[in-house]
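S.K.: Construct the entire structure; sequences and hints are all you get.
Numbered according to my numbering, the sequence shown spans residues 1 to 696.
One thing to keep in mind: the hints can contain errors.
[Claimed, not checked] Using 30 Å as the maximum straight-line C-alpha spacing, the simulated BS3-like pairs for lysine-lysine come out as follows:
(1) 527 with 279
(2) 214 with 25
(3) 124 with 201
(4) 463 with 422
(5) 179 with 124
What the hints contain is simulated information worked out from the structure, not anything from laboratory work.
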Amino acid sequence: MIVDGTPVDVPAGFSALQACEAAGKEIPRFCYHERLSVAGNCRMCLVQVVRAPKPVASCGFPVSEGMEILTDTEVVRRARRAVMEFLLINHPLDCPICDQGGECDLQDQAYGYGSGISRYQEAKRAVTDKNLGPLVKTVMTRCIQCTRCVRFATEVAGTPELGMVSRGENAEITTYVEKALTSELSGNLIDICPVGALTAKPSAFHARSWEYKKTDSIDVMDAVGTNIQIQARGGEVMRIVPRVNDEVNEEWLSDKGRFSVDGLKRRRLDRPWVRVHGKLMQASWQEAFVSLARRLDGVSGYQIGAIAGDLCDAESLCALKDLMTSLGSPNLDCRQDNAWYDLNAREGYLFNSGILGIEEADALLLVGTHPRHEAPVLNARIRKRLLEAGRGGFPIAMIGHPLTDPTYPAELLGDGPEVLEKLLDGSHAFAEILKTAKRPMMIIGHGALTRPDASAIYDACKKLAVQTGAIAEGWNGLNVLHTAASRVGALDLGFLPGTRGRNASGMLRGGVDVLWLLGADEFPIDKIGADTFVVYQGHHGDAAAARADIILPGAAYTEKPGTYVNTEGRVQRSFRAVFPPGEAREDWRILRAFSEVIGKTLPYDTLDALRDRMAEVNPVFRQIGSVAQPSAQIEGQGASASSAPATSAAQEEGLAASAFRPVMQDYYQTNPISRASPTMADCSRVYGPVRAVAAE
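M.R.: As C-alpha cells, this is what we get:
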C-alpha cells in the first residue's frame, strides 16, 4: 500500500491508522488507544483514501493490497477542523485551572486544528460530576465521550463499572448508582483520558506538569517491577506515573504504587535515635554508631542476627550481608513471612515463564494466590490473555478461595491443597485440560509457600507440572509469584541462614542477643524477645521502630539509586529523584560507615564498587533490564543455604487439609509507606474488609 506517496508493507489486519504510523505519519486521535478495542467515535483520525467517496476514520478502516492513503490534503485538514470545532462546542475554557494542562491531547490537537474562535451561540451543556471514589477526580463537563475509560474498565481492569447513558448531546459517562470504582488499576484511567475529565484527586491543584523534575525508577509496592517515572518539585515527590515496558507492565501501574506517594513525607525517620533508660533520645550519627559498637563489643557472631524487609534494594542487602559475615554471624533471613522456597536452583523461586510468557500460555492453574491483590498489573496480563483467546480458549482454575472477584472467570477447584492429589492421579477433570494444553502454566503464591506444608505443596505442583507438560523442553510454566520487591534479589544474594544459622522465626524467639532489622516491619513485633537488643534501620516510624533500641534513618526508594529484581528474575535499576529528609542517608552508606567504626571496613566506597561486589556474588546482577539465565550455584547460596533449613516454618510430611488463606487482608495497607499514606487509609476505609457491626 502507499501512504502519501511512500510505499509501506504492513501485516494483514492492520488498520489505516497503524499503516500511516508505520510510514512515519502522525495521525491525531482521541478515542483510539493501541491497548484497547477500537471504538471509532471521535472521528479525529480522518484520512482520505483514494477512490473513496469521503474521508474515513482510519482507526477502524482495514487496509488492503494497493490501497493509497492521503493524510494531509485540504479535504482531510478541513474535515479535522470541523471535528475539532464540534468537540470544542461544549468544552469549558478552563485550561488555566485544569490539572491536565500541559499534557492534554485536546490542547495539542486544538493548537493544530482549532480555529481560535467559536461560532456556536447556543447554550452550552453542563454535566454533573461523578463520585468515583477517593482516587479519581471528575470534571465531566470536559468529557468528549471518547469512551477510553469505559473500555479500559471493561477490558483491562475487568471491573465494568463505567458506561455511557443517553445519546446525542445528552450522552455522558457515569457509574452505576454513584458507585466508587473498585479496581486496583483505576489510576490508569487518568493516564488514558485525553482531556481533563479524569484527574488525580489526591494531587488536585498541587502543581503544573511542566514544573516537575522527572526521574526513572521501579515500583516497590509489589514484585512485578513496574517501570515508573517519579515526578518531583523541589525536594518533594508530587506524583508517580508508569513508564512503558511491554515485557513487564505494558503501560499500567497499580493504585498502591501510584497513590501511596503521600506516605513518603509522613512518619519519616530523619535523625538517629538511641534508647537511654528506656526512652528513645535523639542522637548524632557518631553517638548512635558508638553506642551500637559498644553493644556489639564482646557479643559472639552467633548471637547477632539480621532480617531484611520487603522494600530493600539489592545494594543495602549486599552491604548488610557482608557486615554480618564480617561479624561472624550466619543468622540472616529475608523471609519475614516464613516462606519456603526450593533453593537448589534459581528456577525454584522465580516466575519462570516470564510475565510476557502469560500471553503464550493456553491453560492456567492458580495455587494459593490471588493475583488481583498480590500483583494487579500481572493480573491484567492474565485477563488480556483470556480476552485474546476468547472466553473458552484460556481455561483458568484456582485452588484457594479469593477475597474478591479475580476479574476473569476461574473455576474454583477447592480451598485446600488436597485437590493437588486429585490432579496428580488424574481423577479431576482439570488435569486433562492441563495435559491437552500445549503450554500449561501454574502460579504458586505465598498463600501456599507460607504454610507448614509448603514443601509438600511445591513438590506436588512440580510433579504435576512435569506430568502435564508445564515443565518441558523450551517451556517452564511452573511459576512462583512473589509479593515483596526485595525478595528475589535477596535470594539471589544468598541473604539466607548460613551453616548453623537461625532463620527469621528462630531469631525472633530470643535466639539472638542483637537483632538488626533492615526495613523489616511485616511480622508481629511482640514476637521479638524481651531481652533482644533491636537495631532498626529504615525510613518510616512503623511498629518495629517503636520497639528499637537504636534507630538508623535510611532512605526510601525514591531517595536513592537502587537495584531491584522482580518476580521473574529481571534485574532493574532505579535512580534518585529527591534527597532523604534531615539526616537520613542511603542504607548501604550507613552500613559502610558503621563498619569503619567497628574496624571491619567493607571493601567498597562507591556505588559502582558495591555493584561490582553484587555481580561477584551473583553474575545475574550484570544483566540489567533482562531476565538472566539461572545459574546452577552462587556464592552465599549453594551448599551453605541448602544445608540450612530451606523453610522458615516447620515442615510437615504430606499435604495438610486446611484451606489456603490469603496473604493480604487489606491491599492498601501492606508496607510502611502505604500505612503512612492518608490516601491509602481512605481507600482502606472505602474498599477494605467489611467489618461486622453489632445490631442495636
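S.K.: Compare the structure with each hint and give your call.
M.R.: Now for the hints, and whether the structure bears them out:
Using a Cα cut-off of 30 Å, the hinted pair residue 527 and residue 279 holds, with the two alpha carbons roughly 21 Å apart. Using a Cα cut-off of 30 Å, the hinted pair residue 214 and residue 25 holds, with the two alpha carbons roughly 28 Å apart. The straight-line distance between the Cα atoms of residue 124 and residue 201 is roughly 26 Å, inside the 30 Å bound, and the hint therefore holds. Taking the CA atoms of residue 463 and residue 422, the gap is near 12 Å; set against the 30 Å cutoff, the hint holds.
For a cut-off of 30 Å, the pair hint linking residue 179 to residue 124 stands: about 27 Å separates their Cα positions.
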